[in-house]
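Throw the hints in and build the complete structure from the sequences for me.
Number of protein chains: 2
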Amino acid sequence: MTDKVRLAPVGLGRWAQVLARGAQRGQVIELHSCFTRDPEKRKAFQDRYGVPKAASSYEELLADPDVEGVVITTPNDTHRAVITQALEAGKAVYTDKPVAQTLEDALAIRAAVERTGGVFAVGHSARRLSGNRVIKQWIDDGTLGDVSMVEANFSNERGLELTPQTWRWYLDKTPGGPLIQLGVHHADNLQYLLGPVAAVSAVQRKLYTPSEVPDATMAILEFESGALGYLGCGWASPGIYQIRVQGTKQNLMYDLDFTHWDESHEADEWSSLVSQAYGQQERTSVELPSTDMFREQLEEFALAARGQGSVEVGVEEAIRALAIVHVAIESNRQGGRAVEVKPFLDAIEVPSS
Amino acid sequence: MTDKVRLAPVGLGRWAQVLARGAQRGQVIELHSCFTRDPEKRKAFQDRYGVPKAASSYEELLADPDVEGVVITTPNDTHRAVITQALEAGKAVYTDKPVAQTLEDALAIRAAVERTGGVFAVGHSARRLSGNRVIKQWIDDGTLGDVSMVEANFSNERGLELTPQTWRWYLDKTPGGPLIQLGVHHADNLQYLLGPVAAVSAVQRKLYTPSEVPDATMAILEFESGALGYLGCGWASPGIYQIRVQGTKQNLMYDLDFTHWDESHEADEWSSLVSQAYGQQERTSVELPSTDMFREQLEEFALAARGQGSVEVGVEEAIRALAIVHVAIESNRQGGRAVEVKPFLDAIEVPSS
Numbered sequence: 366m367t368d369k370v371r372l373a374p375v376g377l378g379r380w381a382q383v384l385a386r387g388a389q390r391g392q393v394i395e396l397h398s399c400f401t402r403d404p405e406k407r408k409a410f411q412d413r414y415g416v417p418k419a420a421s422s423y424e425e426l427l428a429d430p431d432v433e434g435v436v437i438t439t440p441n442d443t444h445r446a447v448i449t450q451a452l453e454a455g456k457a458v459y460t461d462k463p464v465a466q467t468l469e470d471a472l473a474i475r476a477a478v479e480r481t482g483g484v485f486a487v488g489h490s491a492r493r494l495s496g497n498r499v500i501k502q503w504i505d506d507g508t509l510g511d512v513s514m515v516e517a518n519f520s521n522e523r524g525l526e527l528t529p530q531t532w533r534w535y536l537d538k539t540p541g542g543p544l545i546q547l548g549v550h551h552a553d554n555l556q557y558l559l560g561p562v563a564a565v566s567a568v569q570r571k572l573y574t575p576s577e578v579p580d581a582t583m584a585i586l587e588f589e590s591g592a593l594g595y596l597g598c599g600w601a602s603p604g605i606y607q608i609r610v611q612g613t614k615q616n617l618m619y620d621l622d623f624t625h626w627d628e629s630h631e632a633d634e635w636s637s638l639v640s641q642a643y644g645q646q647e648r649t650s651v652e653l654p655s656t657d658m659f660r661e662q663l664e665e666f667a668l669a670a671r672g673q674g675s676v677e678v679g680v681e682e683a684i685r686a687l688a689i690v691h692v693a694i695e696s697n698r699q700g701g702r703a704v705e706v707k708p709f710l711d712a713i714e715v716p717s718s
Numbered sequence: 366m367t368d369k370v371r372l373a374p375v376g377l378g379r380w381a382q383v384l385a386r387g388a389q390r391g392q393v394i395e396l397h398s399c400f401t402r403d404p405e406k407r408k409a410f411q412d413r414y415g416v417p418k419a420a421s422s423y424e425e426l427l428a429d430p431d432v433e434g435v436v437i438t439t440p441n442d443t444h445r446a447v448i449t450q451a452l453e454a455g456k457a458v459y460t461d462k463p464v465a466q467t468l469e470d471a472l473a474i475r476a477a478v479e480r481t482g483g484v485f486a487v488g489h490s491a492r493r494l495s496g497n498r499v500i501k502q503w504i505d506d507g508t509l510g511d512v513s514m515v516e517a518n519f520s521n522e523r524g525l526e527l528t529p530q531t532w533r534w535y536l537d538k539t540p541g542g543p544l545i546q547l548g549v550h551h552a553d554n555l556q557y558l559l560g561p562v563a564a565v566s567a568v569q570r571k572l573y574t575p576s577e578v579p580d581a582t583m584a585i586l587e588f589e590s591g592a593l594g595y596l597g598c599g600w601a602s603p604g605i606y607q608i609r610v611q612g613t614k615q616n617l618m619y620d621l622d623f624t625h626w627d628e629s630h631e632a633d634e635w636s637s638l639v640s641q642a643y644g645q646q647e648r649t650s651v652e653l654p655s656t657d658m659f660r661e662q663l664e665e666f667a668l669a670a671r672g673q674g675s676v677e678v679g680v681e682e683a684i685r686a687l688a689i690v691h692v693a694i695e696s697n698r699q700g701g702r703a704v705e706v707k708p709f710l711d712a713i714e715v716p717s718s
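Protein chains in written order, with the working numbering: chain S, 366 to 718; chain Y, 366 to 718.
Don't read these hints as lab results, they were simulated from the structure. Warning: the hint list may mix true and false statements.
Copies of the same chain are indistinguishable here, so a pair counts whether it falls within one copy or spans any two.
Lysine-lysine pairs mimicking DSS-like chemistry, simulated, CA-CA at most 27 Å apart [what the hints assert, rightly or not]:
1. Lys571 to Lys614
2. Lys571 to Lys501
3. Lys501 to Lys707
Given the structure is predicted, the values throughout are model-derived calculations rather than measurements.
Now the structure itself:
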């Protein structure tokens with residue numbers, strides 16, 4: 366047995382594989398065991414990623430003392446049960462975003478984190494992209510001046526390719542469609558950059574997807590700082606990942622070619638960050654230090670599981686991001702009027718379990 | 366006297382000069398006379414652009430039988446009177462956008478156009494930009510597939526530089542701030558591209574301008590087609606002019622470096638139009654045929670004044686664009702809820718004059 370931190374993927378679909386490749390790009394993590402219901406999928410995952418063990422039940426995985434933490438990529442509506450069970454078994458837990466499907470579930474997860482004192486990380490990886498790190502730095506050090514507007518779009522073609530065999534097809538499993546799957550990243554990014562959102566106005570449409578979910582969402586975010594934010598997410602076009610920030614001294618335009626999203630160690634090479642300064646004719650290309658968001662977040666989590674450092678995105682940040690999704694859905698239901706985030710969150714009943 | 370169409374600028378500020386340079390890049394138009402109240406400004410304009418005459422009053426200008434049409438760049442709230450007077454004097458009228466400050470004024474101008482049968486053009490030049498022409502073609506010929514979302518931003522630093530000496534400082538002269546000055550261009554562009562807007566939700570903020578007007582506006586447009594549109598306009602950052610269209614087959618991203626806006630014969634050189642096709646890793650740069658929006662719209666107007674052809678943007682298109690501005694202001698007043706365009710327009714009293 367190595368001295369690497371021993372993690373176990375739970376749910377072994379496409380995203381588990383993206384994360385496995387991220388973990389295996391570094392020397393911090395060993396994928397030690399794994400679990401999904403289908404034995405053939407378990408075997409295939411073991412073979413592909415050289416994972417020594419596979420558990421035949423989730424309980425067996427959680428009972429394995431060699432497993433220090435789990436990496437959860439199961440459907441959103443299973444997160445609460447899967448996460449709570451792992452925390453109560455004393456395992457550190459990383460879950461992919463969104464932290465849960467509903468805010469009720471998210472609050473129950475928070476209660477479990479508090480009750481168990483376990484290490485808990487949520488995969489809001491996108492804030493770690495080099496462009497977002499530079500934008501954050503330029504805001505914090507005053508280079509951008511005062512920020513009045515920020516616009517973000519995260520879209521892809523998923524809605525055109527959904528089948529009834531996938532959970533993302535169904536409205537009760539994927540409320541908001543691309544908003545909860547893609548937009549929730551920007552809901553974290555934008556609050557990471559500009560602080561908490563006070564209110565959200567949103568409009569949603571189901572246009573070209575054969576599935577049940579909306580495939581076009583536009584939301585206006587009113588930040589507590591006074592700045593305005595726009596969040597667009599679609600599921601009926603080729604991929605887009607973009608953020609633009611307008612400051613009194615500079616604009617920054619960040620663009621990542623979404624087709625290179627999965628291989629996060631290469632994403633910066635397919636990104637551009639361009640600044641335009643007040644009073645200047647020419648734009649400037651800003652250098653992007655190399656990052657690897659999937660590897661970095663998993664290594665940070667693994668080390669935290671060993672008591673070394675803490676995770677950047679925990680349950681509070683994740684709830685704040687998920688709240689934007691559900692407040693936007695509520696705003697759309699109310700004809701697009703601005704709905705305040707805090708009263709909406711405060712009105713959610715904290716589950717007793 | 367040449368055979369060129371003899372036009373007369375009215376209001377000789379910065380924008381009149383941009384248009385004068387546009388007109389003088391071609392061989393169709395002669396700037397034959399001009400008028401503004403200040404005799405020194407008239408003289409300076411005559412000298413600079415080689416204008417043979419200057420009128421000492423607007424009435425004198427309109428009484429000059431050599432003047433075939435007027436080119437109006439006076440403040441928005443003067444448009445109704447200045448336009449109506451010219452139409453009634455039998456002159457063809459070009460006015461800069463917005464057609465008027467209020468919808469009441471715009472409807473009065475429409476009544477004057479109908480009553481006089483005069484040639485009337487509104488300077489929604491931006492739809493003539495090469496990128497917008499290509500986007501329109503790709504939508505119409507099906508290259509983009511079905512369009513679900515379109516996002517546009519037009520912003521500049523004007524709000525940071527306003528002084529109480531300029532009419533744009535005052536809320537009663539520039540309702541909406543950048544929305545009526547810049548956003549109205551995109552209100553025309555987006556309806557040119559995707560047809561009429563059914564409803565608008567908007568949020569506005571006054572953040573960093575010392576003036577009375579908002580300097581950040583975000584609006585969501587619900588098109589009759591079902592597509593969603595976003596329109597952002599700020600007055601508190603360096604310039605931005607951007608449109609992105611998301612289709613099921615392609616995305617198109619159009620970006621124009623705003624610092625090169627005024628010299629419209631060079632704008633295409635400072636623009637990029639990039640496509641990303643479904644299923645393709647690489648983006649493609651789309652060639653932009655050379656255009657010159659200010660020259661082209663003025664020459665089209667001049668020829669129409671001679672009875673040769675008609676203008677592309679008349680009073681109907683201009684009212685449709687202005688309606689977006691005022692419906693957005695109303696939506697902001699109502700807490701951001703979606704306000705329908707048609708009932709809002711229908712409720713405007715048509716002035717009797």
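Outcome of the hint check:
no., hint, verdict
1, Lys571 to Lys614, "between (39 Å within a copy, 17 Å between copies)"
2, Lys571 to Lys501, "between (34 Å within a copy, 23 Å between copies)"
3, Lys501 to Lys707, "within (24 Å within a copy, 42 Å between copies)"
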